[in-house]
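Asks: Chains A and B, in that order, give the protein sequences. Numbering-wise, the first sequence is residues 1 to 290 according to our numbering. Numbering-wise, the second sequence is residues 1001 to 1359 according to our numbering.
Just so you know, these hints were derived from the structure itself, not from any lab. Be a bit skeptical, because a hint or two may be false.
[As the list claims (entries may be wrong)] Heads up, simulated DSS-like pairs for lysine-lysine below, C-alpha to C-alpha not over 30 Å straight-line:
no.	chain 1	residue 1	chain 2	residue 2
1	B	1076	B	1103
2	B	1169	A	199
3	A	61	A	49
4	A	199	B	1076
Please read all numbers here as calculations on a predicted model, not as lab measurements.
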Amino acid sequence: MASSLAKPFRRGTSPRVALLPAGGFYALVFALPVVALLVLSFWTANGFKLIPGFTLDNYVKILTSPLYRALMLRTIGVAFATTAIVVPVAFALAYCMRFVFERRGQMILQIILLSLFSGYLVRIYAWRTILGKQGLLNSTLQWLGLIDQPLEFLIYSNTAVVITLSGLLLPLAVLPLYSAMLNVPRDFLEAARDLGAGKAYCLRTVLVPMVMPGLRTAFAFAFLLSAGDFVTPSLVGGTQSLLIGNVIADQFRGIGSNWPLGAAMAFVVVAVMLCSFLAVVALIGRATRW
Amino acid sequence: MTTPEVEITALHKRFSTQTALDRVDLDIAAGEFVSLLGPSGCGKSTLLRIIAGFEQPTSGTVRIHGEDVTGRPPDKRPTNLVFQRGALFPHMSVRENIGYGLKLRRWDQSRMRARIDEMLALVRLDSMGERLPSQLSGGQAQRVALARALACDPRVLLLDEPLSALDLKLREQMQLELRAIQRRLSATFIFVTHDQTEALVMSDRIAIMNGGRIVQQGTPREIYRRPNSVFVSDFIGATNLLSGEVVGMEGGRLILAIGEARITVPADRASYGTGRRFALSVRPETVRLDRAPGAAGLAATVAEIVYLGSSVRVGARLGGGQLIWADLRDEETEGLDIGTLVALSWNEAAAALVEGNER
Ligand SMILES: Nc1ncnc2c1ncn2[C@@H]1O[C@H](COP(=O)(O)OP(=O)(O)O)[C@@H](O)[C@H]1O
Ligand SMILES: [Mg+2]
């Protein structure tokens, strides 16, 4: 993880030359498809036939349609809710791993990595069995006598989507935070306490700014990946929890597909998400200026 | 006697598997510069961190200015700590670092600015206020760390080997500077070091630690001249430790057998009964070396000659095989060669009987 403590100078090959292989690979597998998609978004489709051209119709349609606007707002809402759960929990977990468990934190890291290897779909289905009407959570609550009837909102709802996405993305968000915290010697936190800072003030003015790059990455994982997900809503969401990702996916497959429209939607989503993301990051940066 | 500024009583600290501090008692007067000196792992940092509030003692109390602070968190104590590697906040400028504690105390802007200026002047970094810690040299960073800790005007300043990462020249300069600052402020400093020269140069008083205990306290001179154990005499400065046995008394003086040789020492300090094994600590600079045939002293043969520039260190072997080092001026060693027969002597007041036989 890049860190603000990184040395300003590097020896040997100039950084520019060293970037060439990675840069070339990046151009090939990322930039090229994106450019292709961008061009596509100005085309039109007739059935399965793509008609090249240059029209802003797709964008106009997206920006004026109430349906797409509603989907977009819901997507942003779900992404924010997920992020609001994932980032603080990941921060707390990474903090414990680094500063409370210390060496045993590495063991927790292994478990987290292992859970990531278990696969995306498997984990969504696992959440379904936990949240279902007869699922683990409902049966446990009923057994404890806390509820009489199963909680219906736990599955096939926006709540289910947010919980499942949080579960999926939490381990991913812990990694950059933990790695950033490994670069923060305990001395810095102790120095703040020694100068009179309470625990919260010390976190806000010292730890958070020092792990900012990691925090930004964790934030990007949680926010952007939850906004782009379409498998989770289709497996644990209800009829009212489809996200913009589902609609985009539909534009690229089967009957009623419209590739240019899908491409335009993808760009609108990316633009909106990027702006929201940058706004929130700037906000956090301002809030933690000591 | 006035109450000590810092009063440490029967302090005991156990970590899960080992005892880090074992019944430590230490009183420090206001305005005193006290060094905690000892080998790595002897518990110096642990003691300092307990005073700062980062560790809780297993038992015992810490009082500062008459007030029991045991159990108080570090942010509620009138102490500040200078860390070994400075621990300057990398995202804040030098001024912001120094002002961190002041801002927490809700000082207003103009008062804070004046205090930061004052601190920068104190550590002679007036023009560096806007720099980031990454733009400072090691010595400058430690000065800022000192300024940051002193800005809040602590009753006691704690320093955990703050100079150990600096190279020798800079370290020597900073030792004098730190001492001068302490004198100017009449502040109470507790300074941790494993470097005996550093402790001798800077301290009003040294507490020597070993294995979690304070084994001797005193002024640098007392400690250097009158070490009370083999450990202390060996740890502080270079010394000759002569091991031998008490073989008798003679008019208030002990007769000691060192190998074949017999010498007498005043029996002033400890009671050493006949048959006791002991060690006699003799500093190399107090050893005289006489080449005249029949001169008084221990007969020895020169075995080593080490040229040190300002002096020459000569090793002479006694009949029993023990090597004794003498520091001589260059001109005193003219004509001296390996194999020369000499007589060794020293002012008996300069030798210290110490406990413990092992070296
Ligand atoms: N947090 C800790 N947990 C367990 N053991 C510790 C801890 N801190 C120090 N120790 C042990 O206590 C002893 C004293 O350590 P320390 O005070 O750091 O020594 P010094 O500063 O004199 O080198 C050492 O043996 C060290 O291993
Ligand atoms: Mg230490």
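Asks: Confirm or reject each hint.
Replies: Structure-based check of each hint:
no.: 1; hint: B:1076 to B:1103; in the structure: holds, 15 Å
no.: 2; hint: B:1169 to A:199; in the structure: violated, 39 Å
no.: 3; hint: A:61 to A:49; in the structure: holds, 19 Å
no.: 4; hint: A:199 to B:1076; in the structure: holds, 12 Å
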